[in-house]
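*Asks:* Residue numbers (the working numbering), protein chains in the order written: chain V, 1 to 443; chain S, 1 to 105.
These are calculated hints, taken from the structure and not from any lab test.
Remember, it's a predicted structure, so these values are computed and weren't measured experimentally.
Some hints here could point you the wrong way.
What the hints assert, rightly or not - Output of the computed footprint for chain S on chain V, the stretches with three or more beta carbons under 8 Å from beta carbons of chain S:
hint	segment
1	35-45
2	157-164
3	257-267
4	283-296
5	384-391
To be verified - Here are the simulated DSS-like cross-link-like pairs (lysine-lysine), alpha carbons at most 30 Å apart as the crow flies:
hint	chain 1	residue 1	chain 2	residue 2
6	V	K310	S	K14
7	V	K310	S	K2
8	S	K43	S	K14
9	V	K310	S	K88
As the list claims (entries may be wrong) - If the Cβ cut is set under 7 Å, some of the chain S residues that face chain V in the computed set are:
hint	residue
10	R10
11	F23
12	E28
13	G48
14	N66
15	A89
16	L99
Glycine included, C-beta positions come from ideal geometry on N, C-alpha and C.
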Amino acid sequence: MSGRIAIGSGSAYADDRVEPAFRLAATGRVDYLAFDCLAERTLALAQVRRRQDPGGGQDRRIGQVVSGLANYLASGRRVVGSFGSANPDAAAADTMDALREADLAGVRVGVVRGDDVLQQVLAADLDLPEMGRRAGELRERIVCANAYIGAESIVAALEADAGFILGGRFADPSLFVGPICHELGWALDDWPRLGSATLVGHLLECGVHGAGGNFEDPPFRLVPDPHDLGLPYAEMAGEDDIVISKTPGSGGAIDERVVKTQLLYEIHDPAAYLTPDVTADFSQVTVAEVGPDRVRVGGAGGRRRPATLKVLVGLDLGWKAVGEISYAGPGCLDRARRGEEIVRRRLAGLGPAVEELRCDLVGLNSVAGGVVAGGPPPEVRLRVAARCATRPAAEQVVYESELLYFGPAGAGGATGSVVPLLGVTPAYLPRSEVRIETELLVS
Amino acid sequence: MKLREVAYSRSGDKGDVSNVCVFPYRPEDYGWLAASLTPEVVKAKFAGLVAGEVVRYDVPTLKGFNFVLTRALAGGVSISLRADPHGKAYQSLILDIELDAAGRP
Chain V
1 MSGRIAIGSG
11 SAYADDRVEP
21 AFRLAATGRV
31 DYLAFDCLAE
41 RTLALAQVRR
51 RQDPGGGQDR
61 RIGQVVSGLA
71 NYLASGRRVV
81 GSFGSANPDA
91 AAADTMDALR
101 EADLAGVRVG
111 VVRGDDVLQQ
121 VLAADLDLPE
131 MGRRAGELRE
141 RIVCANAYIG
151 AESIVAALEA
161 DAGFILGGRF
171 ADPSLFVGPI
181 CHELGWALDD
191 WPRLGSATLV
201 GHLLECGVHG
211 AGGNFEDPPF
221 RLVPDPHDLG
231 LPYAEMAGED
241 DIVISKTPGS
251 GGAIDERVVK
261 TQLLYEIHDP
271 AAYLTPDVTA
281 DFSQVTVAEV
291 GPDRVRVGGA
301 GGRRRPATLK
311 VLVGLDLGWK
321 AVGEISYAGP
331 GCLDRARRGE
341 EIVRRRLAGL
351 GPAVEELRCD
361 LVGLNSVAGG
371 VVAGGPPPEV
381 RLRVAARCAT
391 RPAAEQVVYE
401 SELLYFGPAG
411 AGGATGSVVP
421 LLGVTPAYLP
431 RSEVRIETEL
441 LVS
Chain S
1 MKLREVAYSR
11 SGDKGDVSNV
21 CVFPYRPEDY
31 GWLAASLTPE
41 VVKAKFAGLV
51 AGEVVRYDVP
61 TLKGFNFVLT
71 RALAGGVSIS
81 LRADPHGKAY
91 QSLILDIELD
101 AAGRP
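The shape of chain S in the complex, shown without the other chains (with noise of 0.2 Å):
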């Protein structure tokens, strides 16, 4: 199944930095999640468009994830060729990711 349907994101960015919050529908899923969902799984996806490192942060209390995706936005908003510097798609991007449902709660 896709991240899409189980989960909801948003994106931001500080120069060439961008992050990207993760966080389940179902607070019941977050382990699953935790599991699944891997700063390695994410580098993968982002191939084409993040030349940097991918790192996860965890916030139990929110049952949420940060991911920090650096060397991410080709220079950063003001020095970018890209048609999206911002990374604004990211959030939807990282929707795309296949996951499987089989550990799921």
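Here chain V stands alone, though its shape is the one from the complex (with noise of 0.2 Å):
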């Protein structure tokens, strides 16, 4: 505990880049980096991927992190990551090889288990409030469920001196929620105190998205550097000592409008935002600017944690097929009309293999669904988008896209993919229904 702490962010999914982690660090103007691995889909996919191989389905990018970070982490300086993803053991191995290839010897690494909760949901039967049904109704689809953890073995780890904390589906902002309260002192049950964490946590869990991404609208909102996006990092001392600032010298912006934007992202009440750490209460949070890229924020608060703990459950819905083809030119929306309509009548043989079938003209309403009305465009492209119950369905599906090129005249372009299609829904859990274990390792 030293009263105060430099935090930053080092990543916002399993895909984001590696480098402005690594540039941040450099600056040395942080001591902790957390690392967020994981989105809504991302686990699933890596249960598939850990399903296809046992020694798969961690955070593919740890080997580049440790080596990038080498120095930092010599430094004594700290990272913390969901990069166990669905496999924390896998992930614990790849640390310590990456560690060892750096020639970092003595890093403690702790593991965090026990999000894995298929078992425990299975066994209780969970509602699945989204899908209308409860897990035993959908047994033979389902393939994983994993809970939310929180701060807890993060603290408790770090109390053990860890140097490199991994687990699997932590709490995007608990990985910050961890460290901050290890440094200030702050009590776990401390919960406006937690809502101060949180707070931080939910600013800089995006990475880049936090700083400067996903913002610009010109001439109305322009950002500086684009290309070149630095991640945010946090600066406290106290609840009533909170800035956020973003690596110097890169592009992005932290000012006023950005952060009112991050903070309310993918809230629902902003009186309650639930987490497995807090009730966090951001409905009285004030924004400042305080300086180049530097922002105040306060006022959060807190109640008492939720009793269960959120769980996403992966579903095995069969396979989903796209296919495009584009057309352009006088009359191309009615020959792309004309194009799906095609379609629909050679794929009604499939009958039931076909579960669902959408089509939607690219610059015409695929994305604005109608709400947004233009003229009569230029060009469209025709996309044939199934779910199926079967492989050979949904490569029918992309196949009668393309052979359009025998439809309405001058249809070009033809592009199709058939992946299989891992649906998450949420299910609540007792706490007491999940054990999380932590293991120490040391380099």
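The two chains are supplied separately, each in an independent frame; assemble them into the complex guided by the hints.
*Replies:* As structure tokens, then:
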């Protein structure tokens, strides 16, 4: 415990770039880097990789991260991340290998297990509210279930002097809440303070997304050097002393507008943001610019943490097929619609193997859904998407879209893809059903 | 006038729920937007995309609004067949809402 902390974001999800983290580490401004390696679907996809290869399913950037942060780790500064994804053991092995290769001896690695709750979900026959079904009814489709776990195990590993902590489905803000509580000496049942720590975690967990990414809308909103966005970090010495900034010299921006949009990103009721650590209250938060790329935040509150942990349950939903083909010039819209008609008639023969079929016209309604109206487009791309029970049916969907080369005139540029469709849906499990274990390894 | 001329926004997703936050560029527009940018207006705008309800949370300290849209993403990012399964574009679509400038301070 030092009474203050400088903590940066290292990553927003499994496919995020790694170089911005190395750049932030090299500034010497942060003592902690927290890597969020997961998004809603990522963990389920990793579970599929693990099924195909028992040594797979962990984050695939561990070697790169350790080697790129070798100096940072050697100086005793620390990394926390959900690198474990679907396979914390494999992630631990990768980490130990990488530490050895980087000649980093004596680094203590905390490995957190227990977020895999598949057995508990099935045994308790949990309700799956978004599916309108119970787990038992979908038993043969359920492939994985992971609980969002909180900061407790991270704090414990930091107290045991771990320099690199990895686990599976840590809740995104908890990756930051752990180090903050450890350094500021905050108790894990000090709810208002956990609200403040969660505010910081929430502002940083999305990486460059919270520092000017996904923000530009010319001419109303511009961001400097958007090709070179920098990662955000926080300096914090208490709940009333929090400043958000970003890698000096990088592109992007930390200003009032950027911080406010990130603050409400993926939040429902701002007075009750539920995490494994706390029911955070952001409804009274204040945001003020205090310097270039420096924003002071405060005013977060918190109440007792929820009694249940959110679980994401992965479901095997068959196959997803997408086929596309373009039409341009006068009458392109009519020809594309004619093409859609042909595909629908051809696919009707597949019967129930095509469980859901939708056709959109890219350039007209595929994203805007008709919400925004415009004049006749100079070109459109017919997009045929289907959820299929079998792979052959999915391949047929793509094939029929491609064969529109022989449909209405001028169809060009056919592309297609067939991928397993792995759905995730939430459930809620009592805390007592989740047993978290932490192991300490030394490189 | 279009909402885009006076406010900025961001959308996010959790399962089949989308949230879209909206902030006026000028803080003095907050009250006017509170009266004109109602959940009903937003629900009507997203009629073709959102099957559920629209709830608005007001955050006076930030001078902003958070719209929560249920059954908004055709099952959510992992299940939907839509071209934009996250609803990333919702933040732009909401800015197309037409507002009456008459009551604007």
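*Asks:* Checking against the hints above, which ones are violated?
*Replies:* When the structure is compared with the hints, numbers 2, 7, 12 and 16 turn out to be violated.
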